[in-house]
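A.B. asks: Here is how the chains run, residue by residue.
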Amino acid sequence: MKLEGTNSLPAPVETVWKTINDPEALRRCTPGLKELKEVGPDTYQATLQIGVAAVKGTYAGTLAITDKRAPAHYKISLDGSGGAGFMKGEGIVDLEPHGDGTLLKWAGDIQIGGLIAGVGQRMLGGIGKMLIGQFFKCLEDYVGGGT
Amino acid sequence: MKPAVFEYFSPQTVEEAVALLGEYGDDAKVLAGGQSLVPLMNMRLARPPVVVDINRIESLAYIRDEDGGLRFGALTRQRAAERSPLVAARCPLLRDALRLVGHVQIRNRGTIGGSIAHADPAAELTAVLAALDGEVTARGPQGDRVISARELFVTYLTTSLEPRELLVEARFPAPPQGAGWSWMEVARRHGDFALAGVGTVLVLRRGTIADARIGLIGVGPTPVRAAEAERGLIGQPPSEALWEAAAEAVRDAVSPDGDIHASAEYRRHVAGVLAQRALRESLSRVQEAA
Amino acid sequence: MSPHVGARITRNEDPALLRGRGLFVDDVRLPGMVCAAVLRSPHAHARINRIDARRALAVPGVLAVFTHADLGELGGPLPKLIPHPALTYHKTQEPLASTVARFVGEPVAFVVAEDRYLAEDALDLIAVDYTPLPVVESLQEAAVPGAPLVHADMPNNVCAHYTQRVGDVERSFARAAHRFRERLVIDRGTSSPLETRGVVASWQPQTRQLDIWDSTQAPIPIRNGLAAMFHLPQAGVRVVAPDVGGGFGCKVMMFYPEEILVPMAALRLARPVKWIEDRREHFVATNQEREQIHEAEIAVDDDGLILGVRTTFLYDAGAYCPYGIIVPIVAGTTLPGPYRIAHYHCEFRAIFTNKTPVSPYRGAGRPHGVFVMERLLDRAAGELGLDRAEIRRRNLIQPNEFPYDVGVIYQDNAPLQYDSGDYPRCLSRAADMIDYARWGARQQANRAAGRYLGLGIACYVEGTGIGPYEGSRVNVEPSGKVFVATGVGTQGQGHMTVFAQIVADVLGVDPRDVSVRTGDTTAFGWGTGTFASRAGVVAGTAVSLAAEAVREKTRLVAASLLEARPDEIELEHGRAFVRGAPARSLLLGEVAAASNPLRFTMPRDWEGPGLEATRYFAPPRGTFSNGVHACIVEVDPETGMLRVRRYVVVHDCGRVLNPLILDGQIHGGVAQGLGGAVWEKLVYDAQGQPLATTFMDYLLPTSEEVPPLEVGHEETPTPLNPLGVKGAGEAGVIPVAAAVAQAVEDALQPFGVHITEMPLSPNRVRQLVAEARRSL
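Residue numbers (my numbering), protein chains in the order written: chain A, 1 to 147; chain B, 1 to 290; chain C, 1 to 776.
It is worth saying that the hints were derived from the structure and are not from the lab. Check each hint, because a few of them may be wrong.
[What the hints assert, rightly or not] Below, in silico cross-link-like pairs of lysine to any residue (SDA-like), each with a Cα-Cα straight-line distance of 25 Å or less:
1. A:Lys68 with A:Gln45
2. A:Lys34 with B:Val5
3. B:Lys2 with C:Arg279
Model, not experiment: these values are computed from the prediction.
With the hints as extra help, turn the sequences into a complete structure.
C.D. replies: Structure (structure tokens):
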């Protein structure tokens, strides 16, 4: 599933860049994140509990930020597996100066496999998009509210 | 397909059930008809540590004609509602929509409250509740709370009910005497989840449309009220051109997802087709209000 | 007395089944029995780095967790069924994947616990470290050189490349007035029997007896294979296929991994072990079929006479090919159908993909052959302005042309030779039944009313009744009741009834007094199984031959008791009597008792006691059924929704043993055919993840979707067996897609829609209408 979006933020690029690299932002915004433990530079072990209503799955895996080109570009990858299946998500974030502020452009792709994919295909697409959208909306809010 | 271990309670009264939900909160799931919950549990996609089975709370099963509409206890079986003379007389839209909920076997167990609380975006009852501006009563440790259809449906399978609340009643305001109605949906087989579904109500007065309701399922994360399309109908005399315009407005109002059965574009297109046909059929059922 | 064969009697098996007194594998309950569950790969292609089962083993009630490392000599690749010279890479899976999993659902570990709940709890606790590998899911893409490899030791994903040729296709095309080409795509489907798979195994160390209950279509090969694998004498292994709730092809394998793992666990744990496949597992773990892509061409003259046909196609084998290339061979040899085709070229490549392995599903390639041929004819008819029934009529093989040599080699490795049939008669009868002559006018009237209805008519020939052989033992007991045993299994075909009818006619008894036992290796130990529409023909003939031998013995014994000559003895109403002197008679049971003396001497010409005989039938080649289906469908161009309004079947399977049972076979086949035309599609995403693993998404037609069927029987008996019967098991499904495609195209003719794929969906139909509208 692919999704993309663009948002305008009232802070300069360098500020936005600093904020979106802050592990606190990841902790706050990654949907269902229960635990985030740094295991290396820009690499974290993650435990996520993602679900909608009664359908919940716990996924253990890795979150990594790669392809960093400060202060304007990075790729964030998240993959996890659990009883209900496994998931693999990637988001590319680009920052552009826009007047006094910043244009945050993001493009995300999420793949879900396993039991949940074979049973829930009817809603997985929509729910996946919703979760990706939530992540980037939260990042925007965090940037807007933070320094 | 065997569920994971769970603790099971079978309260006899609403108070007991609410107390259990109060104690276990997020850990508890309410079991009513079980037509959605039990398969999810058997497939281990849902593993609620606690199941609160409300099927023995007889006081929760009733159908009453009061306050300008129908009041359903949450545990009312869909089949009972479908066959109720009260429903046929006061709200035939609901009866027609119920006929297309799954199959008879499912409706024998499935409940009015359960379907609404489950909030499947393809559940017929949710669009009817939305179209008629219905509401539900939720009972929690702090007492009762009334939630309108507009506030109730949040996203896929998610309502604004709190984990400690039990949906106890659903109210469907009845359209006025002489109103026309129609429920239409497209499903790949009889009883399947609708690819798109529309419920409409039309009230005419002196040759023009006095009230119009259009509720849709299968076209987004929640049921959709096509409010713009409705507004475009008010005050107008009915005509094929009007229905066509309404169909376009309906298409603009929906953002469906695609899946392996039908693309988003198909659902959007069909939503309009069904709206047009449903409005046409609603008109054929109208008896002019004075 | 009217014969029992051909009578429309109700089934012997139903009184028990309808009262819930059948015995299916899950009904088998043994003292101390434990339950198994399978851990399956969630990845379509992955290296298995490590399996850690410690947490699972720590759960009380979990008895064992097996991985490949525990299998020892049982860990090798499963046997290759049906090798073929063109099958260069006959890859089979291991019972548990050792280093690589190649499809979602491939077994990786096997858990045994006190009950299935605990076994599934244990599955949750097994940690497997996978490294995902590149996935190739699409048949089209897997066939391209350079595609990711399903098997790393192969140069590409092609496991077989096979060509059959008749005449000189190049020349016939070069000289043809008209050539038309089509690209035709059929998508994946699965058998979906009502009963999923299951195995129960019990090992008795004291008697060294291994008993297995297996929902299989071929218990005897399973018995023989397991005996060999576990170094047991065949006499020490019993395999029973009890009541089986449908097979349709997917239950004939040797082996599925579970068919080895369950007995292995029973032997090692010395406790009976049960494994029952749940429905979601069935969607990944049981073989699937149907995926083929054809590039086909037809050459015709100005009158629509077929000069040549060729097809080059890709066949999706899935991740392994245990069953070889039977399905594409059947597709290619069914394609010529009832038509005279002097020049034919059929070439296929079988391709591995990272999906569930493929083996036959009812039809086994015949639906594909028919779909291609009929679509080509429809195309030619449309282009030449010929009537669709007329172009078929012109090309049909005539009744006086039998035996007709098609020129290719069939799936039984014998030359394809049609033995009998009356193709023109079936076509005209089907046309009459659907009222073809007045269709044009009715269609116009409907269109004027804004309704889009279409008619489709399709012909086929079906190869049935192939060898190598089947056998049967018939025995009359002193009670007068007759007992029949045969090596085939039964999954709903009504064998307990039709074989009883055959015996009843030969021995002059009531079919209700004949008990038939199938699928138990202890009751009968020689046979190959129920598949390819052969049981009625091959086992039925063996039953008939055995019954005739018993009749001769009965006459011999009765004659000596009644002081007459054997040729004077008649058998009727359960008695043996002297012709012309009916008072001189004995009950059949009395003859049976007399045939087994306890004392004194026994006549030498009896050649042993009892009224019992065992006979085998090995047909030299298959026998060919045929038929014509016609249907009327209504299409809503705005929503793409399709409704089948009428469905007509004319069917010739030679002599009909029981029209009621035959109708049932046809009804079921048509329902499955409609499923494959309109509803049933196994969808995988680009990562090889199956997206339709429940009946929410794999849509089986219900009684609301399938109209009442109108069935006409024709009977041209075959000369190839004494009963004159041909097979009927698969017929219902074979031409359905072809007929529906033609009907939908006919309905949407004002829009110019062209149907080249199966199954359709409302989404797809609407899309085709919209595209056609745009290009008008």
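A.B. asks: Hint by hint, note whether the structure agrees.
C.D. replies: Against the structure, the hints come out as follows:
{"no.": "1", "hint": "A:Lys68 with A:Gln45", "result": "holds (19 Å)"}
{"no.": "2", "hint": "A:Lys34 with B:Val5", "result": "holds (23 Å)"}
{"no.": "3", "hint": "B:Lys2 with C:Arg279", "result": "holds (12 Å)"}
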